[in-house]
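With UniProt numbering as the guide, the letters of the sequence shown map in order to residues 1 to 753.
Don't take every hint at face value.
Stated by the list, open to error - Straight-line Cα separation of at most 20 Å, SDA-like style, residue types lysine to any residue; simulated pairs: (1) LYS314 to LYS212; (2) LYS367 to ARG579; (3) LYS684 to GLU408; (4) LYS363 to ARG729; (5) LYS735 to LYS329; (6) LYS638 to ARG627; (7) LYS212 to ARG223; (8) LYS630 to LYS386; (9) LYS721 to LYS498; (10) LYS393 to ALA312; (11) LYS475 to ARG632; (12) LYS667 to GLU463; (13) LYS498 to GLN599; (14) LYS386 to LYS212; (15) LYS314 to GLU299; (16) LYS413 to ASP431; (17) LYS527 to LEU366; (18) LYS527 to GLN364; (19) LYS475 to ASN625; (20) LYS329 to GLU516; (21) LYS381 to GLU323; (22) LYS370 to GLU516; (23) LYS370 to LYS630; (24) LYS581 to ASP372; (25) LYS363 to LYS571; (26) LYS412 to MET424.
I should point out that these hints are in silico values taken from the structure, not numbers from a laboratory.
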Amino acid sequence: MEPSPEVTGHSPGSPSTSVSWSFVKGIGKGVPHSPQSEVTFMSADQSRVGGGKESESLEYSGDGEGGLRGEGRIDVGESREGRLRGLLSFLDKAEGSEVGSGVGGRRNFGGFGLNEDYGTDDEDEEDSWRQQTTVTESPGARRVPGSGGGSLVRQSVAPGKKWLWDEWNEEEEEEENHLDENSYAASSKAMSSSQPPSTREEKARFRLLGEKVKAMKREMEERKQEVKALKAKVARRQISDERVCLQIEESWKERLNKRMHEHKSGMQRQSNFIEQVSASNKMLEERLNGQMEVLQYKEANLPVEIDIARRAVKERLNVAREEWLGSEKLRLQKLADAKSMELKKDAVKALEPELHRLISGNKQDLKQRKSDMDDQFEVFKEDKMKELEGILKAEATRLEVESDAEAEGLRKKQSSSMMELAGMQDDDLKDARSKWKREMEKERESFESERRRRVATYNNELEELRQMEMKAVEKESRAHEDSMAVIREEKERRLEEKREEGEEQLRAWQRSRLREIQQEVDVSFRKTHAAIKEQSEAELEMVLAKLEAQAAEEKKTIESQVDSELESFEKVLAEGEQREKEAEQIVMGRYALDHEKAQILQEEVGVLESRVVGMERRVAESEGNLRDEKSRLLEVRKDVGLRVRELKKGNDRGVELHEKEIENLTKQLNDLETTEIDMPPIHKAEVDRVGRRYATELESVEGRVKEVLKRKNDAIRGMEKELKALGERAEELGKVLDRERKHDIRGSGEMSL
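I would like the entire structure built from these sequences, with the hints used as guidance.
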């Protein structure tokens with residue numbers, strides 16, 4: 001808002017007339033302003049100004065439309081021309097502000113009691129601005145003709161007629177000229193007239209009032225013409241309002257028809273979706289039954305096959321062990337017999353030093369044979385364990401190949417079934433479209449009477465269906481998460497039970513095996529010790545009987561040597577027992593490695609069993625979900641059937657609306673078809689993800705097995721190196737003993753000679 005500068009005007013020939021005002025104008029529609037503008041003119045008391053001249057003051061103030069405010073005071077001297085021009089300029093300002101606002105208003109023509117309502121139409125805007133302006137003039141003020149206050153009246157005057165304000169202006173000018181002349185004449189003659197000025201003024205006022213009454217009558221006629229023009233405007237405005245109402249009604253009809261068509265298409269899409277889901281449920285049930293049969297068959301046969309393989313391996317190990325023990329016993333018996341014969345012959349031929357050398361050689365041979373027997377037993381055991389590992393690996397490979405083949409077959413079947421389902425859905429969609437077109441042609445005349453009520457009902461029902469669907473999806477997701485948590489807990493529990501059971505079996509097997517090995521070692525040691533002791537005692541008795549004839553000094557020497565030999569023999573036996581214990585520890589270490597390998601295989605079997613159990617549970621969950629989905633879809637189908645039967649009871653004026661709804665539902669059906677097409681890749685990606693996870697688990701198990709085998713091989717290589725070093729050491733000691741024996745034999749021969 002910006003104020004206009006104050007304007008002061010002087011009319012020519014009127015030295016005492018001044019007009020001043022100030023306006024504040026609002027620019028733009030956004031400026032708040034009063035809906036009613038009022039301009040008030042007040043006439044001050046007449047007074048004598050200088051030389052007996054008449055002076056009047058006219059004060060005015062008011063608020064105009066569009067934020068226009070004005071106030072001022074007009075001082076009029078002898079001439080009224082300046083006063084009229086000043087007031088006319090103010091009215092021009094006020095009318096300019098009204099015209100610039102572009103809106104209607106209300107006017108009260110001051111002093112006449114006539115109100116005028118007028119308005120403007122603007123169809124481009126939603127609301128029309130209506131403003132009122134009231135102009136009140138005091139009885140002493142006069143309405144001045146001009147372009148400001150009477151532009152609307154001037155337009156309503158018929159062409160060729162003289163306007164009321166023009167006649168009144170001419171009469172006022174004549175009267176003013178007459179009054180001015182009389183006034184100046186009276187002043188020049190110095191009050192020479194017999195009639196007082198007050199009487200002349202009263203007569204002039206009376207004459208002016210009579211003329212004013214006549215003017216008011218003429219103005220009444222003009223106002224009537226103006227009222228007729230305003231009534232014509234009102235009629236035009238009513239026509240415009242009726243046209244706007246018709247347009248609004250058409251737009252709402254179009255919206256209602258569109259919503260009806262959308263609802264109908266949604267119903268069609270829901271029915272098609274129900275049919276598709278029921279068909280897919282049936283197919284999944286058949287597939288589930290087949291998979292359950294396969295899983296039951298595999299589950300029934302897998303433990304039996306594993307038990308058969310274990311028993312076969314155990315039997316083969318027992319048979320091989322018995323054969324080896326029998327052959328080794330025969331060989332040792334033969335060696336013992338041969339050696340005893342040799343010892344007897346040597347004892348007869350040789351002397352006492354030779355007897356001692358034979359005893360030491362027999363001990364060394366016994367040690368060598370025992371070490372050979374241990375090596376052969378270890379080699380045999382390693383061969384059997386390798387054979388068992390090969391059998392178990394072959395069995396695991398066979399099971400993996402079978403599971404991969406079954407998974408691949410299942411993927412292929414699923415892809416083919418999805419393709420068949422897509423083809424069936426396309427055919428069903430075409431049939432449904434043709435069927436619905438025929439039905440809608442027949443029922444085109446049955447839907448209009450209840451369309452408004454059903455629009456709200458159908459929207460609410462559709463929203464309820466969506467909420468039900470969202471709740472069902474959330475419920476299924478929560479149930480799936482709960483079932484997965486239960487599966488994980490059950491899996492951990494079973495793994496813990498399997499682990500404890502395996503550890504218990506390992507400890508029991510270790511204890512039993514240790515007892516068996518200890519018994520075997522004790523029996524073999526006692527037998528060997530008894531045989532050697534018997535042979536030694538017999539040989540000593542023979543030698544002592546032959547040597548009794550010798551000297552007592554030699555006998556004492558021999559007895560001392562025999563005692564030393566016996567002590568050395570006991571030391572050798574103690575060392576043999578220590579080596580037996582070390583060998584037993586080595587055997588137990590190897591057994592621990594073998595048991596660890598067997599435990600790894602058992603873990604692999606447990607992983608396979610857990611996979612089978614997981615598949616069974618997933619199949620059971622899928623079956624339960626399918627049953628729930630089927631029941632829910634049956635309920636939805638019943639509800640849809642009821643709604644369709646209710647729709648068929650409507651009248652014929654809602655056909656267009658339902659056709660639009662059918663188009664919308666067709667779009668939704670296409671969206672569902674697109675979603676259904678996108679689901680198989682999602683399922684395939686999920687299957688691939690599960691396969692990759694299982695492959696990762698299998699790789700981790702294989703890595704652990706490889707690490708265990710690597711540690712076992714490293715231990716075996718270390719033991720082989722130790723055995724090799726011991727063998728080399730034994731060979732060196734044997735060579736030394738042979739050299740000493742030969743040296744002793746040469747010495748005894750030389751002594752005998």
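Hints and how they fare:
1. Of the pairs offered as hints, the one joining LYS314 and LYS212 is violated, with about 143 Å between alpha carbons and a cut-off of 20 Å exceeded.
2. This hinted pair checks out: LYS367 and ARG579 have alpha carbons roughly 10 Å apart, not beyond 20 Å.
3. At roughly 11 Å between alpha-carbon atoms, LYS684 and GLU408 fall within 20 Å of each other, so this suggested pair holds.
4. For the hint pairing LYS363 with ARG729, the CA-to-CA distance comes to about 16 Å; that is within 20 Å, so the pair holds.
5. At roughly 27 Å between alpha-carbon atoms, LYS735 and LYS329 are farther apart than 20 Å, so this suggested pair is violated.
6. Proposed proximity of LYS638 and ARG627 is supported: the alpha carbons are some 17 Å apart, at most 20 Å.
7. For the proposed pair LYS212 and ARG223, the alpha carbon gap of about 16 Å is at most 20 Å, so the pair holds.
8. For the proposed pair LYS630 and LYS386, the alpha carbon gap of about 55 Å is over 20 Å, so the pair is violated.
9. For the hint linking LYS721 to LYS498, the alpha-carbon distance of about 37 Å lies beyond 20 Å, and the restraint is violated.
10. The suggested pairing of LYS393 with ALA312 holds, with an alpha-carbon distance near 15 Å, which does not exceed 20 Å.
11. With a C-alpha separation of about 13 Å, the suggested pair LYS475 and ARG632 falls inside the 20 Å cut-off, and the hint holds.
12. For the hint pairing LYS667 with GLU463, the CA-to-CA distance comes to about 18 Å; that is within 20 Å, so the pair holds.
13. With a C-alpha separation of about 10 Å, the suggested pair LYS498 and GLN599 falls inside the 20 Å cut-off, and the hint holds.
14. A distance of roughly 140 Å separates the Cα atoms of LYS386 and LYS212; the hinted pair therefore is violated under the 20 Å criterion.
15. For the given pair, LYS314 sits about 24 Å from GLU299 by alpha-carbon distance, which is inconsistent with the 20 Å threshold.
16. Distance hint between LYS413 and ASP431 is unfulfilled; the C-alpha atoms sit about 27 Å from each other, more than 20 Å.
17. Annotation: proposed proximity of LYS527 to LEU366 holds, straight-line Cα distance about 12 Å (limit 20 Å).
18. For the given pair, LYS527 sits about 17 Å from GLN364 by alpha-carbon distance, which is consistent with the 20 Å threshold.
19. Of the supplied pair hints, the one linking LYS475 and ASN625 holds, its CA atoms being roughly 11 Å apart against a limit of 20 Å.
20. A distance of roughly 17 Å separates the Cα atoms of LYS329 and GLU516; the hinted pair therefore holds under the 20 Å criterion.
21. Taking the CA atoms of LYS381 and GLU323, the gap is near 13 Å; set against the 20 Å cutoff, the hint holds.
22. At most 20 Å may separate the alpha-carbon atoms for a hinted pair to count; LYS370 and GLU516 meet this at roughly 18 Å.
23. Proximity of LYS370 to LYS630 is assessed by CA-CA distance (about 77 Å); at most 20 Å being required, the pair is judged violated.
24. Only pairs whose Cα atoms come within 20 Å are accepted, and LYS581 paired with ASP372 is accepted, the gap being roughly 16 Å.
25. With a C-alpha separation of about 12 Å, the suggested pair LYS363 and LYS571 falls inside the 20 Å cut-off, and the hint holds.
26. For the proposed pair LYS412 and MET424, the alpha carbon gap of about 18 Å is at most 20 Å, so the pair holds.
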